[in-house]
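Dock chain C against chain A, hints included.
Line order of the protein sequences matches chains A and C. My numbering puts the first sequence at residues 1 to 141. My numbering puts the second sequence at residues 1 to 57.
In short, the hints are calculated from the structure, not lab data. It cannot be assumed that every hint is accurate.
Stated by the list, open to error - Chain A side only, calculated, beta carbon under 10 Å to chain C, not exhaustive:
id	residue
1	Val30
2	His36
3	Lys44
4	Phe48
5	Leu58
6	Leu60
7	Pro68
8	Gly101
9	Ala105
10	Ala106
11	Asn122
12	Val125
13	Phe127
Glycine residues also receive a C-beta, built at the ideal position from the N, C-alpha and C atoms.
The primary structure of each chain is shown beneath.
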Amino acid sequence: MAAPRTPISKASMPPITRPSVALTCALAWVFPGAGHLLQGQAGKALVFGTMLLPMYVLGLAFGGRLFPLQAVEPLMLLAAGAQWMIGLTRLVAGWAGYGLGDVVAASYEYGNTFLIVAGLLNVLVIFDAADVARGGKVERP
Amino acid sequence: MTSHLGMLILFAALVAPVFAALHRDDLQTARRFAARLFGALVSGALLLGWVLYLVFG
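Bound conformation, chain A alone (with noise of 0.2 Å):
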């Protein structure tokens, strides 16, 4: 036989714990969507993991470059900081020895282009996330 049940009320439930905003803001640098997959939007997780990682990719198979963080050139600087927006993917790509740039090939600024705005809307996918993260934006059903 069951025991009778007891309603439960709110105040002696737990709080609903969220992952942090840091670590949320940390690992969407470290992996497009994997903010978004931590706070639960597997959806756009997706979306972002399978559009920004290939962007990268085929960036590097345009035969872009995958600049140094030298203050020397400014511009170059910039993009630099950019390409590093995707943090693991950026140092896969520099330890496997991709990304030195094939200056003659016709799509050369193509694939430039490609990495740096992968780059770029990986910020807009982090601070998408830290919002998430912070409860201001929450995905309706």
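Below, chain C without anything else, positioned relative to chain A:
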């Protein structure tokens, strides 16, 4: 790929869904927004290309 148009379409196809996911929460409206944005990016670039060609070409 070395086709300018191909690059443009590929770029628009990758960028549009990201902006749609950022700006729309509902899947249906996000799809529509992505399609419109894709069309706007491609047609806008073609239009600008023709204007530049006619003015400076």
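Earlier hints that do not hold, by number: 1, 6, 7, 8
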